[in-house]
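Chemist: What follows is the residue order along each chain.
Number of protein chains: 4
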Amino acid sequence: METTINVLEKVKFKKPILIEGLPGIGNVGRIAAGYLVNELKMKKFAELYSPHFLPLVILHDDAVSTLLKNEFYYYKGPRDIIILTGDTQSISPEGHYDVCEKILQFAQKTGIGEIITLGGFAEGRIIEEPRVIGSVNDRKLLKKYEKYDIDFGKEHSIGTIVGASGLLLGLGRMYNIDGLCLMGETIGMPLLTDPKASDKVLQVLSKILNLRIDLSKLEKTIKEMEERIKKTERVHKKILQEMPRAKEDIKYIG
Amino acid sequence: METTINVLEKVKFKKPILIEGLPGIGNVGRIAAGYLVNELKMKKFAELYSPHFLPLVILHDDAVSTLLKNEFYYYKGPRDIIILTGDTQSISPEGHYDVCEKILQFAQKTGIGEIITLGGFAEGRIIEEPRVIGSVNDRKLLKKYEKYDIDFGKEHSIGTIVGASGLLLGLGRMYNIDGLCLMGETIGMPLLTDPKASDKVLQVLSKILNLRIDLSKLEKTIKEMEERIKKTERVHKKILQEMPRAKEDIKYIG
Amino acid sequence: METTINVLEKVKFKKPILIEGLPGIGNVGRIAAGYLVNELKMKKFAELYSPHFLPLVILHDDAVSTLLKNEFYYYKGPRDIIILTGDTQSISPEGHYDVCEKILQFAQKTGIGEIITLGGFAEGRIIEEPRVIGSVNDRKLLKKYEKYDIDFGKEHSIGTIVGASGLLLGLGRMYNIDGLCLMGETIGMPLLTDPKASDKVLQVLSKILNLRIDLSKLEKTIKEMEERIKKTERVHKKILQEMPRAKEDIKYIG
Amino acid sequence: METTINVLEKVKFKKPILIEGLPGIGNVGRIAAGYLVNELKMKKFAELYSPHFLPLVILHDDAVSTLLKNEFYYYKGPRDIIILTGDTQSISPEGHYDVCEKILQFAQKTGIGEIITLGGFAEGRIIEEPRVIGSVNDRKLLKKYEKYDIDFGKEHSIGTIVGASGLLLGLGRMYNIDGLCLMGETIGMPLLTDPKASDKVLQVLSKILNLRIDLSKLEKTIKEMEERIKKTERVHKKILQEMPRAKEDIKYIG
Chain A
1 METTINVLEK
11 VKFKKPILIE
21 GLPGIGNVGR
31 IAAGYLVNEL
41 KMKKFAELYS
51 PHFLPLVILH
61 DDAVSTLLKN
71 EFYYYKGPRD
81 IIILTGDTQS
91 ISPEGHYDVC
101 EKILQFAQKT
111 GIGEIITLGG
121 FAEGRIIEEP
131 RVIGSVNDRK
141 LLKKYEKYDI
151 DFGKEHSIGT
161 IVGASGLLLG
171 LGRMYNIDGL
181 CLMGETIGMP
191 LLTDPKASDK
201 VLQVLSKILN
211 LRIDLSKLEK
221 TIKEMEERIK
231 KTERVHKKIL
241 QEMPRAKEDI
251 KYIG
Chain B
1 METTINVLEK
11 VKFKKPILIE
21 GLPGIGNVGR
31 IAAGYLVNEL
41 KMKKFAELYS
51 PHFLPLVILH
61 DDAVSTLLKN
71 EFYYYKGPRD
81 IIILTGDTQS
91 ISPEGHYDVC
101 EKILQFAQKT
111 GIGEIITLGG
121 FAEGRIIEEP
131 RVIGSVNDRK
141 LLKKYEKYDI
151 DFGKEHSIGT
161 IVGASGLLLG
171 LGRMYNIDGL
181 CLMGETIGMP
191 LLTDPKASDK
201 VLQVLSKILN
211 LRIDLSKLEK
221 TIKEMEERIK
231 KTERVHKKIL
241 QEMPRAKEDI
251 KYIG
Chain C
1 METTINVLEK
11 VKFKKPILIE
21 GLPGIGNVGR
31 IAAGYLVNEL
41 KMKKFAELYS
51 PHFLPLVILH
61 DDAVSTLLKN
71 EFYYYKGPRD
81 IIILTGDTQS
91 ISPEGHYDVC
101 EKILQFAQKT
111 GIGEIITLGG
121 FAEGRIIEEP
131 RVIGSVNDRK
141 LLKKYEKYDI
151 DFGKEHSIGT
161 IVGASGLLLG
171 LGRMYNIDGL
181 CLMGETIGMP
191 LLTDPKASDK
201 VLQVLSKILN
211 LRIDLSKLEK
221 TIKEMEERIK
231 KTERVHKKIL
241 QEMPRAKEDI
251 KYIG
Chain D
1 METTINVLEK
11 VKFKKPILIE
21 GLPGIGNVGR
31 IAAGYLVNEL
41 KMKKFAELYS
51 PHFLPLVILH
61 DDAVSTLLKN
71 EFYYYKGPRD
81 IIILTGDTQS
91 ISPEGHYDVC
101 EKILQFAQKT
111 GIGEIITLGG
121 FAEGRIIEEP
131 RVIGSVNDRK
141 LLKKYEKYDI
151 DFGKEHSIGT
161 IVGASGLLLG
171 LGRMYNIDGL
181 CLMGETIGMP
191 LLTDPKASDK
201 VLQVLSKILN
211 LRIDLSKLEK
221 TIKEMEERIK
231 KTERVHKKIL
241 QEMPRAKEDI
251 KYIG
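Protein sequences appear in the order of chains A, B, C and D.
Going by this note's numbering, the first residue of the first sequence is number 1, and it counts up by one from there.
Going by this note's numbering, the first residue of the second sequence is number 1, and it counts up by one from there.
Going by this note's numbering, the first residue of the third sequence is number 1, and it counts up by one from there.
Going by this note's numbering, the first residue of the fourth sequence is number 1, and it counts up by one from there.
The hints are simulated quantities; they were obtained by calculation from the structure and are not laboratory data.
Please note that a few of the clues may not be correct.
Put simply, identical chains are the same to the list, so a pair is met inside one copy or across any two.
Straight-line Cα separation of at most 25 angstroms, DMTMM-like style, residue types lysine to aspartate or glutamate; simulated pairs [claimed, not checked]: (1) K109 - E2; (2) K69 - E94; (3) K217 - E129; (4) K76 - E128.
Based on the provided sequences and hints, a complete structural model is requested.
Modeler: Spelled out as structure tokens, the structure:
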């Protein structure tokens, strides 16, 4: 079995922007992506399955089980937007490269204009006023984004960006796709979501996208998302018990 | 070497139902599947070998060594039945996806009608009256199975179904094959078989299959199976000593 | 890179018998195979390299470094003999299947008649009079070997045969090649060779091969082999320090 | 995704010599290679990316993120020189074989004459006067290099050469490429660079290459390289926290 993207609806895009928010530190990116999907009433048009995900299905409360997957949603507006979110990331290093390359090849078919990846940055301490730290995959992009409230300085201890948020930028460069990564500062406790960091990331993102997004519902929406989030956390905890080898991976993707 | 299914006998099926009972929690599924094979005097018609199984042979009491394998048995009746059981499951995450996909492709060639996977659910405590908890891979199936003594509610802590019992459902959906998973509640101690949970699963299964299965011999049959089961447990213990990396996997598949 | 067998000399065989003695428990098989190579003045005709071996070269005392490899030697006599020995076995489960399948495919090209694999069986205690425990890959072979001093009974605790000695039998059956495994009882301490067990295995083997092998030099030859064996042990110890993940594998192959 | 070498500039070579200095024990080889690139004002002409590297990007101080990579530099002189250096080595055993084979295939296209690999040898104690210990991949090469200050004797405890420095020699032999490995003795503490050992290796190397290299700037250059080195060390530390499974690999490649 190979990493596969099933297209549910054929959509024509005008140079869409791809926004990635997959599970990761503080679930900052995932919450932000999920909130955008809700607020913009975005429609799912493709799903990605991979043998590099954990070998299990999620049992939902309606007694239906589904494979772990990543999902692509779209929004047609002045600027076409595609959001990539989902249950999980790859659990093997090689798998990360494989999945990210499949995503980029799919994005290219949509005529992708640029990529913005969302994540958290674990500071290891409580953050009162989280900054949004940025990185680009080409120096020329710094000018483009300098007007936003993004910290491109080096007064932080980030040395790497692990997983999809990083690889989509790095591999994206090889596909000649411009990329920006936005990371909200967070404490970085395992299995703890951080809406405050997501809020900050969404503030910056909505300005870049020139979208009015009502962030007042974020807390409420997160509460609604909690059931799913808790389910996933339970999944993680269960996996920690059953698949010790996966322990590190969950720590790493979560 | 690739995962390979060797066909021992060419059999023509009428929309058979595939029942999976491989080693897993409490060996609930494996015991139930093995009992059905015995009671229905089913005949083996195919064997599956995989490089994703442990790299060893089992030395049987007759001094003959054989590769670890999964086996397909059949029963021709009002409803054709195929049972998938065997020594082991994949020991790597990617291997699980690979083996399950090979099983589904093989099942499709038989003209498969649906899949029922059997397993145990580890409650972590002694269960006096084990429930049979169910999950389907399409909501429409709930109606079909609502008349049986299956708990489709959410008053349990199951978040995931790991391994073949889960993946055959999840991947099965992508092959457009309907699937039901039946899980007998059990304590979930490593290397401990639970006939009581298997009995409950078999009660439900025999009603679904509309088969009269004499369950009175279950305890006795399990005693007869014990030698083989003990052999496998010894295998597991031996592996735990010799292949520490496999430790987690055995915990996970057993 | 794939597992590759480089043929150094093209040799025509008459239904040769393949004898495997690779590193393993007590190095019983490896010592026995090495002794035969010396005593029969066998000639190397092929080498096997694999990405499933540790990623390192051995630095020999003459300052030359060589890849880890397995080696094929031959002896032309009343009965053609091929011996497979070498530095290591695969370090991944999947690799074991791959390497063994490549060996079998190569053996088939030589017109292989049968396989005898040699190994040790770890009893976990000092063995005064080691038995040679046997296993075959087809019940019909028991008759053929019953006249030799091989214990085919079940009064031992062997449940599995791990690695090449086992897989060549199990996979061999799928290639329709008859196989016998001879295991000398040994204490089974890590990194400890056991000449006494090798001696017993060689006694049985020389009768099967109908060869007069002077075993009086075994102790002496082992002393000569010790430098190489110590080098390998040093390799193992060094690897244990440098590559913790390999730890379990070495324990397992050694 | 496969291990890929992107050629940035097409260069014609006359039997170039390939010098490898990737991260490893004491970073001895990497520092030596980096110093040569600086001193000879070498130009980058190719980059290697691999799914066998850690799945992350490095965030540089200018806010630009880049994939982990290896780099090829060249120098056109009386003798053409190619230097291979970079951020990392493969994190999986199989990956090492794959990456090294890709490097050799690329080297062959340049008409490679020979390979010299640079590394450190961990003595586990402070070394006052580090020797340069050598190994070749063909005995005939010993004569060629005997006039240099290289210790080809066996009065050291080296049993293996792990990673690219070893595999390029071992695999190189199969490509019929002569190879020499130079190892500077060092204490071998994790994440500690050793300029003294690099200095010794460079002294020998400059004589072999018949190049006048001003080593007086080594200490200074290393200070300049420190920022990058520290960044990588931070990367390593961060990975140790986030990706426990990589722990062993970093210990192993670093």
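Chemist: Each hint needs a verdict: does it hold in this structure or not?
Modeler: Hints versus structure:
1. In this assembly of identical chains, the alpha carbons of K109 and E2 lie at most 25 angstroms apart whether taken from the same copy (19 angstroms) or from different copies (20 angstroms).
2. Proximity of K69 and E94 under a CA criterion of 25 angstroms is satisfied in both settings, with 18 angstroms inside one chain copy and 15 angstroms between copies.
3. In this assembly of identical chains, K217 and E129 lie within 25 angstroms of each other by CA distance solely inside one copy; the values are 20 angstroms within and 45 angstroms between copies.
4. With identical chains, the CA atoms of K76 and E128 are never at most 25 angstroms apart, being 36 angstroms at best within one copy and 56 angstroms at best between copies.
Violated hints amount to a single one, hint 4; each of the other numbered hints is respected by the structure.
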